[in-house]
Amino acid sequence: MTDPVLSVRGLTVTLPREMDRRHAAENVSFDLQRGEILCIIGESGSGKSVTASAVMGLLPAVMKVAGGQVLYAGRDLLAMPEAARRALRGRSLSMIFQDPLSALNPLMTVGAQIDEVLAAHGWRDREKRTAKVLDLLTEIGLPDPPLLRHQYPFRLSGGQRQRVMIAIALALDPDVLIADEPTTALDVTTQAQILELIRTIQRRKGMSVMFITHDFGVVADIADRVIVMEKGLLVEQGAAAQVLTAPEHPYTRRLIAAVPRLRETDRVAELEAPVILRVEALHKTYRSRSGFLGHTRVVPAVRDVGFELRRGRTLGVVGESGSGKSSMGKVLMKLTDADGGRILLDGRDILPLTEAEFRPLRPRIQMVFQDPYASLNPRQTVGASLTVGPVAQGMVRSEARARAAAILAQVGLDPSAYDRFPHEFSGGQRQRVGIARALMFDPEVLIADEAVSALDVSIQAQILELLAQVQAVRHLAMIFITHDLRVASQICDEVLVMHKGRVVESGTPARIFRAPEQDYTRRLVAAIPGSRWDSAA
Amino acid sequence: MTHAATEALAPPARWWRTRTMRRFRRNRLAMLGVVLIVALTLACFSGPYFLPFDELYIDLRARFAPPMTGAHVFGTDPLGRDIAARLFQAGQISLLVGFSAMLMSTVLGTVIGVVAGYSGGRIGAALMRVVDAFLSFPSIFLLLALAAFVSPSPLMITVIIAVTSWMEVARIVEAEVRSLRDRDFVMAARMLGLSSVRIMFRELLPNVIGVIIVAATLTVARAILLEAYISFLGYGIQPPLPSWGNMLNGAQQYLDKAPWLAIVPGVAITLAVAGFNFIGDGLRDALDARSDLR
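Read top to bottom, the protein sequences are chains H and B. For the first sequence, position 367 matches number 366 in numbering that gives the first Met the number 0, and the numbering has no gaps at all. For the second sequence, position 116 matches number 115 in numbering that gives the first Met the number 0, and the numbering has no gaps at all.
This is chain B alone, in the form it adopts within the complex:
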């Protein structure tokens, strides 16, 4: 009568045929998110090969060309550079920064969360107070302060973003692990004489992977937004290297004359962030077995 009973008869499950994935595929918004992200990624990484212009090629005769002027699909910027070429190049950097920042913060947050959740007691409390300390800092402020001290290369920006966004993952994982810690299967693992490290990362981690994936997806969206934010304020990725954020920065003084300068990267950021958020929400619902009953 339960899920277990129905699943008992399913053939050995491949991950894309599991109930979770079936639920995910039924979620239209989540699938839209997947399409958006795949399309954006493909465009950013293969687009430059199909465009006649280089992102640094300056054509002063074609300054402020509005979209659809000749071969300039998205128009040109104040120096006559092709916006499409710059957008894709910037997208590579923004997506890479977002994705790597997510990887770093997820790994850091997961390790701290699992250790704090499983150890509990003083170690757990101490680790979680560190998390609280980081959380109680306004992260944008911290980000800008750090960015002012280090040379803002893409790698440094990634690290800075990761350092300010691992806490959420840590909290979620800690809560989840703490609820699993006293389950019988963990007791059984101790009974078998497994070491704590083994129990944490071989027995418990696979059971919290669902919430980690959800948190990770939402972190990518946040990281992309943060990168855009600090680049927009001029502390992030430095021109001439384009990023979606510094493209916006360059656009603000021409908002009345050439609004497409802001609109094009703005839309890209919106699509990327919305896409990742849709995927994250979809995964969250899909991983919740109860959503079947609604």
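Only chain H is shown next, with the shape it has when bound in the complex:
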């Protein structure tokens, strides 16, 4: 074996004293070989991002490197003065981040941001810089580079922004690219494209890539070798094929088991259950006017959607971001107005009702939101968040309290959660609170809008199990909105595939995912991470 490009030896990073453990990463050692993609996988808080930041020298101020070496070209990066490291950053080691919107400067054009990196590293000649910028934009596969380089980041889609981040990272042809969950914020098809792009560029340039992720599906698609981290410790490392098919450590096995897979068979459900929700020819169009007298921009979000939902059954709604699936969820909840169609809740059209008329019906249809951090009022205790709705609908306070305690137990939270604030909980626990809130009314219909997308794969599995269990006990109907087809196939009885506001295909998950009829559905299915590995496992 040749010499590694980067060699991490006994790296230990300490956390501030008030944290639950002393080290963010403890005695971590691994090598990054020339021209390989190394995946670091683990749950949130496993120390995978901290390890990457320590290698880059970008640790937050509260964390300190307590020991170890990071050897690059025979020199210990950790022992180097800051000025010398800065010169290496970007030129030899470079990084892309999870959220491309916050990592790009909103007030600079895309081209200027790439240009800046070149200028900062001593490219004096303006014309050479411009040529390089165009080269890079072409390389990352963005349409019309001469035009695009004058655009601001907000004009680009999430996937395009991530491509720009990659262009910036590649500007100086680094030896090592560190990618910190670069596809977690993207939908399935965009994720597949970005993974493909990283793989292609890595091969072409013979770069080494350190890729951080929590999804074994992604690992299966991209990795040559894998490192598994748990609570700051490196628990397993090996070739990707070996770790994926024959994991040794129990933690690795648990992570792999948690990856949702396409199911071969459909769930058996009684067909005779009564219809609780019926939607006919639903339309929703967004109109935004630019400026005071500007012309109106019309974006159709939901076009002619119709379906039927029976008690005790789950309807999956899948599609890319911008396909209108979340807009439909909000319209069904009457959180935004619709432009046409009918929504029959237990036979009664709720669409023409005013907010005041609909308020007494709200308890019958409830929602679980995507982001467990944003959907709970940060200034209210969990107890207050749970009871405020029922009390406003006329439930006696003591009764609401007792009910909240019972439901907290049902969603697997400690009774002490009642008096605590949302920030005291992890993402998974918060999502349990979100589900508990929706269940306070004993609803007949539950809409889950990307309810597990923001969670780690292993937490995802637990929440999905909880939802399935709640549904079985209460016999409620569920609409499950997601961009992750694997998740949809796990939990749904029927699936609607949405594209540009229209339903392009519908049917049972096994039929849709195993034998898709439409091109669009086929693209979605092909984009599922780890689909090649799926059949092997």
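If you're looking for bench data, these hints aren't it; they were derived computationally from the structure. In this text the structure is predicted, and so the values were computed from the model without any measurement. Fair warning: there could be bad hints in the mix.
Unchecked claim - Derived Cβ-Cβ restraints for the label pairs, each shown as a range: (1) H/L100 / B/A174: 49 to 55 Å; (2) B/S138 / H/S101: 36 to 42 Å; (3) H/S101 / B/V106: 34 to 40 Å; (4) B/S152 / H/P105: 50 to 56 Å; (5) B/V72 / H/V61: 27 to 33 Å; (6) H/Y151 / B/A144: 42 to 48 Å; (7) H/L100 / B/F136: 39 to 45 Å; (8) H/D338 / B/R21: 49 to 55 Å; (9) B/V106 / H/E271: 57 to 63 Å; (10) B/R197 / H/E247: 54 to 60 Å.
Beta carbons are placed, not taken as given, at the ideal position from N, Cα and C, and that holds for glycine.
Place chain B on chain H using the hints.
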């Protein structure tokens, strides 16, 4: 790794032990502000009980006594009245006017800001145009015009100041509420069937309380300054009732002979305004979680 993660392990937070308060306490200038304001308030409200002179007691033999003459710590005025006694009495009025004007304008500004920010659309636009209309009036001019029409009792002065300074709070609150309006937790509150009034004042208001407190602190400083200003011009609090502003007014013709007449109330105004401003800036930094990283 985030604040949330660290805070998760903190014991149930009392307000004075929260991160915000810890940051505030670390800010020396802000703590100086607190000390200044506490000291001034204590002096103004308890000082008169310790002084041998009444603020209206006239001693014509002791006119224009410079500071530290006998028991006259700050000297006497053209009528031989003790300046220390007058300063404290005036301070009670100035601080009370400043504080009550702040309360009134903050409540008014908050209500209008929350309603405009949450309602948006036509109601929001209409309310914010009212705010713009008030803002486009030169407020000192408005203040003087109003003061010329009504009898300038301390209460009226307070109301007038409040009426001309609520707009800033309204604007800040409106912007903040508008940014929170489309958050998921507000959607969730609507999903639960809460009324708009409830969402505005029970769900949203607690989330903007930080910026309101900052704006309120800075408003006190402005109100004290405004009161001093209009009293100085003779339209505010009328003698013999002392206020820091009309003490300055009385001092201007003796500036060469007895400069302490102007210096003493001038310093009091400066200390009060600076104190409130320090506190306001300190609170603003403390409420901004990112200031930890600097």
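Subject >> Violating hint indices (sorted, rising) >> reply: Result: hints 1, 5 break, sorted rising.
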